[in-house]
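Visitor: Sequence:
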Amino acid sequence: MSESARYEELVAELARTLLRNRDASDVRGGSRNRRVGISGVRHQLDVSFVDRNTSPHTLVVVECKHLRYSIKLWHVKVLKSTIDDLAQRLGADSSVKGIIVSICGAQSGAITYAKYHNIDLQLVLDGPSFRFKYADLELKAESGTAFGAGYAVAVGVALHPCKLCGLAFARNGTPEVCPSCAAAT
Numbered sequence: 009m010s011e012s013a014r015y016e017e018l019v020a021e022l023a024r025t026l027l028r029n030r031d032a033s034d035v036r037g038g039s040r041n042r043r044v045g046i047s048g049v050r051h052q053l054d055v056s057f058v059d060r061n062t063s064p065h066t067l068v069v070v071e072c073k074h075l076r077y078s079i080k081l082w083h084v085k086v087l088k089s090t091i092d093d094l095a096q097r098l099g100a101d102s103s104v105k106g107i108i109v110s111i112c113g114a115q116s117g118a119i120t121y122a123k124y125h126n127i128d129l130q131l132v133l134d135g136p137s138f139r140f141k142y143a144d145l146e147l148k149a150e151s152g153t154a155f156g157a158g159y160a161v162a163v164g165v166a167l168h169p170c171k172l173c174g175l176a177f178a179r180n181g182t183p184e185v186c187p188s189c190a191a192a193t
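As numbered in the working numbering, the sequence shown has no gaps in its residue numbers, which increase by one up to the final residue, 193.
Treat the hints as calculated values from the structure; they're not laboratory data.
None of these values were measured; they are calculated from a predicted model.
From the three backbone atoms N, C-alpha and C, an ideal C-beta is built for every residue, glycine too.
A few of these clues could be false.
Stated by the list, open to error - With a Cα cut of at most 30 Å, we get these calculated DSSO-like pairs of lysine-lysine: (1) 105 <-> 80; (2) 123 <-> 171; (3) 85 <-> 171; (4) 85 <-> 105; (5) 88 <-> 123; (6) 88 <-> 105; (7) 123 <-> 105; (8) 80 <-> 171; (9) 171 <-> 105; (10) 85 <-> 123; (11) 80 <-> 123; (12) 171 <-> 88.
Unchecked claim - Now the in silico label distances, taken between C-beta atoms and shown as ranges: (13) 63 <-> 117: 31 to 39 Å; (14) 184 <-> 126: 32 to 40 Å; (15) 101 <-> 13: 29 to 37 Å; (16) 29 <-> 52: 24 to 32 Å; (17) 52 <-> 96: 40 to 48 Å; (18) 49 <-> 125: 16 to 24 Å; (19) 143 <-> 120: 30 to 38 Å; (20) 81 <-> 39: 24 to 32 Å.
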């Protein structure tokens, strides 16, 4: 199994764990996770689920980018296009929310475009510790829990934007930049 496929599995498992006590259903992931948009195109979604706690219900589409470089503007534009196609198919009975998770930061144009279109950019490391957030929920995994081993707990830790890349991360103390940007400088 490729690193990208394992990363998608990790994020899908994080979503399942995070949503365990929320009225959300149908957490799906992988190459068979497809939804048809208004255009007739069957979009492959890395991870998706339906949040029934929102009105209207929200289809959440999570793009998983296990890349060794920053998220580029075109990554966000592709997700925005997919969201629009799916939203038009679903109509007024549902909304669509986009999230891009990556192991690296994002370029400034990607951050600006994502913020404008309400697409979340998150740093979800595939190492022994990580955090994943949706709505008012956050999942924090402690050392040794990567890829579903060990344990993970939901916590109420506030995430802060990195001053360099804009991705959300949990600050320990007063660092202003995420671990990826700190390692790169």
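Visitor: Hint by hint, say whether it matches the structure.
Guide: Going through the hints against the structure:
1. 105 <-> 80: 19 Å, holds
2. 123 <-> 171: Between residue 123 and residue 171 the Cα gap is close to 14 Å, so the pair holds against 30 Å.
3. 85 <-> 171: Holds - the C-alpha atoms of residue 171 and residue 85 are around 22 Å apart, at most 30 Å.
4. 85 <-> 105: Given pair residue 85, residue 105 holds - Cα atoms ~14 Å apart, limit 30 Å.
5. 88 <-> 123: Cα-Cα ~11 Å, so holds.
6. 88 <-> 105: 9 Å, holds
7. 123 <-> 105: Holds: residue 123 and residue 105 sit about 12 Å apart, inside 30 Å.
8. 80 <-> 171: This hinted pair holds, its Cα atoms lying about 17 Å apart.
9. 171 <-> 105: 24 Å, holds
10. 85 <-> 123: With a Cα-Cα distance of about 12 Å, the restraint between residue 85 and residue 123 holds, given a limit of 30 Å.
11. 80 <-> 123: 14 Å, holds
12. 171 <-> 88: 24 Å, holds
13. 63 <-> 117: 31 to 39 Å: 33 Å, holds
14. 184 <-> 126: 32 to 40 Å: This hint is violated: roughly 24 Å between Cβ atoms.
15. 101 <-> 13: 29 to 37 Å: Between residue 101 and residue 13, where Cβ atoms are some 32 Å apart, the hint holds.
16. 29 <-> 52: 24 to 32 Å: 29 Å, holds
17. 52 <-> 96: 40 to 48 Å: 18 Å, violated
18. 49 <-> 125: 16 to 24 Å: Since residue 49 and residue 125 have Cβ atoms about 19 Å apart, the given range 16 to 24 Å holds.
19. 143 <-> 120: 30 to 38 Å: 23 Å, violated
20. 81 <-> 39: 24 to 32 Å: Roughly 26 Å apart at Cβ, these two residues keep to the hinted range, so it holds.
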